[in-house]
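Chains as they are written, first to last, in our numbering: chain A, 479 to 589; chain X, 14 to 128.
Among the hints, a few may not be true.
Restraint-style ranges between C-beta atoms, simulated for each label pair [said to hold, decoys possible]: (1) X/D39 <-> A/V558: 26 to 34 Å; (2) A/D544 <-> X/R110: 20 to 28 Å; (3) X/P121 <-> A/K546: 21 to 29 Å; (4) X/P98 <-> A/G518: 16 to 24 Å; (5) A/P589 <-> X/T30: 42 to 50 Å; (6) X/S22 <-> A/M491: 28 to 36 Å; (7) X/S82 <-> A/M540: 26 to 34 Å; (8) X/T33 <-> A/E479: 24 to 32 Å; (9) A/L586 <-> X/V16: 45 to 53 Å; (10) A/T555 <-> X/E115: 41 to 49 Å; (11) X/T33 <-> A/D516: 37 to 45 Å; (12) A/M540 <-> X/G29: 47 to 55 Å.
Hints were generated in silico from the structure; no laboratory data involved.
Ideal Cβ positions, reconstructed from N, Cα and C, are used throughout, including at glycine.
Listed here are the chains, written in short residue letters.
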Amino acid sequence: ELKVEQNPLFLSMQEGKNYTIYCNYSTTSDRLYWYRQDPGKSLESLFVLLSNGAVKQEGRLMASLDTKARLSTLHITAAVHDLSATYFCAVDMISGYALNFGKGTSLLVTP
Amino acid sequence: SAVISQKPSRDICQRGTSLTIQCQVDSQVTMMFWYRQQPGQSLTLIATANQGSEATYESGFVIDKFPISRPNLTFSTLTVSNMSPEDSSIYLCSVGRGTYQETQYFGPGTRLLVL
Chain A
479 ELKVEQNPLF LSMQEGKNYT IYCNYSTTSD RLYWYRQDPG KSLESLFVLL
529 SNGAVKQEGR LMASLDTKAR LSTLHITAAV HDLSATYFCA VDMISGYALN
579 FGKGTSLLVT P
Chain X
14 SAVISQKPSR DICQRGTSLT IQCQVDSQVT MMFWYRQQPG QSLTLIATAN
64 QGSEATYESG FVIDKFPISR PNLTFSTLTV SNMSPEDSSI YLCSVGRGTY
114 QETQYFGPGT RLLVL
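Extracted from the complex, chain A is given alone in its bound form (with noise of 0.2 Å):
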């Protein structure tokens, strides 16, 4: 059974600090996704990462992925309040295109 775990599960951080979500996952997968989730809202893609050291970067934040390692980083620069909101990554699943979610990290970013 494929596996996504990430951590932490709960973010409090403030503005304009640094941190990092990480994703593990337990099987072979080429495909890593992570998407922001506000609150009410559907899910909006923000990257996929499709091979081992494939590292992508939109504005303050950075996904990396590690096949080897089986683990992704969500990096977030210098956090600002709109960052506020449940971040997911997402695994193919090995049967299929679908995905096996994480358990998302509920990010709030404070003055």
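Dock chain X against the given chain A, drawing on the hints supplied.
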């Protein structure tokens, strides 16, 4: 990208009744997926729906409870049958884009409350 719409956006239903959720995509897709997000939880795959074949259900989900239709390449429905309060969730459809479905987009979701 993909533009996905769902109907209804939300509903309040009585236990024992059924609700059919529609998912419409702006262009043809091979695979559509239905997920459930229980309150405060992550997303769990219910089933994969391919046009022209029976939906494939994940462990814990059965066709009698969650029948799915996929009549064409842009549309699918999910029915939540004989509802109980435990079915209160957000139901989301998603589609893949790319040769290997490498990018996946989600619809806005249907928020269901069962009383």
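Outcome of the hint check:
no. : hint                          : result
1   : X/D39 <-> A/V558: 26 to 34 Å  : 32 Å, holds
2   : A/D544 <-> X/R110: 20 to 28 Å : 25 Å, holds
3   : X/P121 <-> A/K546: 21 to 29 Å : 37 Å, violated
4   : X/P98 <-> A/G518: 16 to 24 Å  : 20 Å, holds
5   : A/P589 <-> X/T30: 42 to 50 Å  : 46 Å, holds
6   : X/S22 <-> A/M491: 28 to 36 Å  : 32 Å, holds
7   : X/S82 <-> A/M540: 26 to 34 Å  : 41 Å, violated
8   : X/T33 <-> A/E479: 24 to 32 Å  : 31 Å, holds
9   : A/L586 <-> X/V16: 45 to 53 Å  : 31 Å, violated
10  : A/T555 <-> X/E115: 41 to 49 Å : 26 Å, violated
11  : X/T33 <-> A/D516: 37 to 45 Å  : 27 Å, violated
12  : A/M540 <-> X/G29: 47 to 55 Å  : 49 Å, holds
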